[in-house]
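Protein sequence lines, in the order shown, are assigned to chains P and F. Add 1 to the 1-based position in the first sequence for the working numbering, that's all there is to it. Add 703 to the 1-based position in the second sequence for the working numbering, that's all there is to it.
These are calculated hints, taken from the structure and not from any lab test. It cannot be assumed that every hint is accurate.
In silico contact screen, one side only, chain P against chain F (beta carbon under 8 Å); selected entries [claimed, not checked]: (1) P183; (2) I192; (3) E193; (4) I397; (5) P469.
Every residue gets a Cβ at the ideal spot worked out from N, C-alpha and C, and that includes glycine.
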Amino acid sequence: AAPVQVRLVVPIVVVFGPGSVPRDLPRPLPFRDVQEMEISVNLRTSVTSRYEMRYRSTTAQEEAALAAATAREADAALHLLQDTTMGSLTMYVVPETSSLLPQGISVYVGKHRSALVRAVGSLAALQTRLREVTQVMSFTASSIAAALSDRVPNGQLGPDARRYLKSSLGYEITFSLLNPDPKSHTVDWDIEGAVNRYVKPVLDRLSLVANFSVDSQILYYAVLGVTPRYDKESSSFLLSAHSLPHVINPVEARLGSSAASLYPVLNFLLYVPERSHSPLYIQDKDGAPVSTNAFHSPRWGGIMVYNVEAPASPQASLPLHVDVDMARVMEVFLAQLRLLFGLSREEVPPEFLLESPGNEGLADWELDHLLWAHTVENIATVSTTLTSLAQLLDKIGNIVIKDDVASEVYRAVASVQSAVTKLSLGHLNAAFQASKEAVTSSERAFFDPSLLHLLYFPDDQKFAIYIPLFLPMAVPILLSLAKIVRETRLRTKEPTKMD
Amino acid sequence: GGMAAAVLLLLLLAAGPGPGRADAGQERRDALREELLLSPLPTGDVAATFQFRTRWDADLQRGAVSHYRLFPKALGRLVAALGVRELHLALTQGFWRTRYWGQPPLQAPAGAELWVWFQPTVTDVDKAWKELSNILSGIFCASLNFIDSTNTVIPTASFKPLGLANGTDHHLLRYAVLPREVVCTENLTPWKKLLPCGSKAGLAVLLKAERLFHSSYHSQAVHIRPICRDASCLAMSWELRQTLTVVFDFFSSGQGKKDWSLFKMFSRTLTDTCPLASQSKVYVDISPKNKEKELLEVSPPPTSVHEAVVQGEKKTYAVYDLLSPSLFNTSRSLNVQLKWKRPQDSSEMPIPTLHAQRYVAGYGLQTGQICTLIYNTHPYRAFPVILLESVPWYLRLYVHTLTIITKGKENKPSYIHYQPAQDRRRPHLLEMLIQLPANSVTKITIQFERALLKWTEYPPDPNHGFYVGSSVLSALVPSVTAMKDVDVEQSPLFTSLFPSSDGSSYFVRLYTEPLLVNLPTPDFSMPYNVICLTCTVVAVCYGSFYNLLTRTFHVEEPSRGGLAKRLANVIRKFRGVPPL
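Please work from the sequences and hints to get the whole structure.
Structure, rendered in structure tokens:
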């Protein structure tokens, strides 16, 4: 793969509240400090992260804000006093005995770009804790490795790394309700309301990252590819974990591809099992039922099984009317959506408390988390695209590069350079926008129809056409060569004869 | 003032949730009707016409978030994204023989036909058209991506919008036919996928590819158009009609018997209904042919009998309503059967009022002539017909040779629109409004010259010939019997695609035969042969020149010669000639 060298700079402000300053500070406050971390991906790709820490003590206003009763109130009050540039973080160190953080919790991550950290004795211990917080709020080695998963050698990658969606300029989200048995169930879902209530806030925040379009459909007589197993004990049907890979294919044929756009599609399927296969439960690897009755497929989407309660009287007239509880369904689908974007909240240490994003759907730092990963991924993608374009040009010497293709390549190179520079200055948003432009330009150049290598006639075929010329011409030359050889051999023999 | 403000606020609040909420309140925003029309044709063949109509009370053009139920998402997104006002796509294998089979409910030209009206908001219609044909070719697995400017025309009079339309600016219309397109199973499968019930329930279970393509004529189509939501027509609904027509030849395959049944045709019977359909009916045409007593007998007994005037003729239909509970009570499946009580005379074959015929005349590979014969068999009424000819650029039409002759006299068209072709850019378009006198044959001829193509422009198998798409005849044919105005929502689907103008005439669109024209075709191995020959000549020249340059010449001492020379000298001496 093409070489990629990126330096990610995260500006961090550490604010010490009264009574929380460690005793072993090397210098009096305020002072600056820099920490570097190397993330190794492969030999030609190196990502350096550089944390530029600025230590200072609280201002009077911040002090007043920190005096709030709960962490949430403090976070809201502090938000007004912060630097809110993307990618930058503010940490407030509160005294060890502070009642702001609940018992047993040492870090509180707010809705925005700040965290409250409980003080520990020494500066070194505090720095370790601060680094942990920083990694949760910006990027970790594994999130960068997942973004560069194409470059990481096989086997070195965690099982989750290939789950995340590739960075793209847009995504299409399709919710499909599968009703394989419309004779028994008429299923209604208020998808429009649910999308507006639950999905829209998240996507509005994510609109900075990519364009999103949402639609939904209802598919009748769409069945899963696997017949579930009947379990006598629970008198229910079970889908085991190992059969799940076979579930999607027959359904996918019915989903309909996105003919009108080229963006990747995220599918979320709600499956209401047939009456003859109800209730249906998904089992995990250990045979225990999955509590959400849902599973996700990496880079594809998620499926949730929605069981219909059996009617009280067996004589109830068919079809049964089912109104889907959208809150329950959307909770699962949103969790899967977060998972597919790598925004899962499950991988944090237990002493961390993450504030729920509430109505906004996504915390500011989660957005930053996504932007860091996508920027790095975009830069790597551009580098790969341009390298393969260069390889193609090396292979076909007489290929014609039109002016517009050339200018796209120049623009891609300029944008990707600017993205790398912006990253090393800590300007996350500007870097991301530049990397997006670079991707657009490089793809446009790479997929230009004039660069189709089939348009160029291979040289061996040209040679084959002129065989009728070369062959008869070669015959006298070869004959005379043979004659020369014969004559020289005679001449070398003759002197020995003379003797 | 305060009161008014409060009322206004209330109104605003009521309007606040937007159209989505208001629509969700309605019970059924979309509805599906399905219908199968079985009509015995005069020749003994049977035509089966399926129609599936999805009606959606929503505005496809508006709204960023779209939620689909019965309407297929793929087509809905297409209409919304590209600003399509009306879309008609037909894929046809075979040719509907109007002269023998009578007027079809829906006819389509052989191959693929696509015509689209765009919204006035579309700025670059050509780009949208190109994109649309590419996407449709992906959806239907057809080679619609071969639609480009060389086979697209903009008709001015022949194709009016079939749905609601406030303007008929024909610059928003595009029409193209690909006569070479072969229609087969791979086109049927995506078409079936668009049905809400797929092919799992309802009438669609009969759609088995192996039977449908074992037929004389197969035509499947998709029509999307906006329609009035109700009689007051204040709001708009969208309609998707999926139609499929097959003609089975039973006379030749059934040992001369013309009796048929659903099972014999489709190797399936109807067992259940599509639970999503609000109407599901089978119509069988049992109209008495010559006012005598009925010749036909259908079994099982139909649910009801429907009488209507269709295309100027009084028709009687036996109706099987699949949704009526009595139908599946007696037997588990419905296998409609039809028996002829006595053999029908072939002499009583009715001839349709309007039919046409087209062929290529002339000989040689330089010039030719396209002849079109249009028949009006109405005994006393004349009527006008619009003829549309779209001829590819490589047949260079000579417009001055255009002659229209009816009953031995020249017939001047009252409207003529001709757009000449541009080589490799656009085809010829000729549209004419011709008056057809009663009981007449009109012959239209035009001469052309065959162009010589560049060698890369020939398709594979160029000696097969080049297709010229069917010409289109659109006419309001006077009706023999008066027709009543019918409500579209109540009447059977097969009567309601084309808007009826008034009671005295009905709209007919006919397609003539596609033409197969031979163009002068070069020998494609010629370039290689030329290369070979030239190379050989060059090589021979080179060889002798090389020999001249490299050989060393010795003066040879005359010797007594060999056996041949001595023999020759003996003969010479015998003849008295000096020896060599």
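Structure-based check of all given hints:
| no. | hint | in the structure |
| --- | --- | --- |
| 1 | P183 | holds (5 Å) |
| 2 | I192 | holds (5 Å) |
| 3 | E193 | holds (5 Å) |
| 4 | I397 | violated (21 Å) |
| 5 | P469 | holds (4 Å) |
Hint 4 from the earlier list is the only one contradicted by this structure; the remaining hints agree with it.
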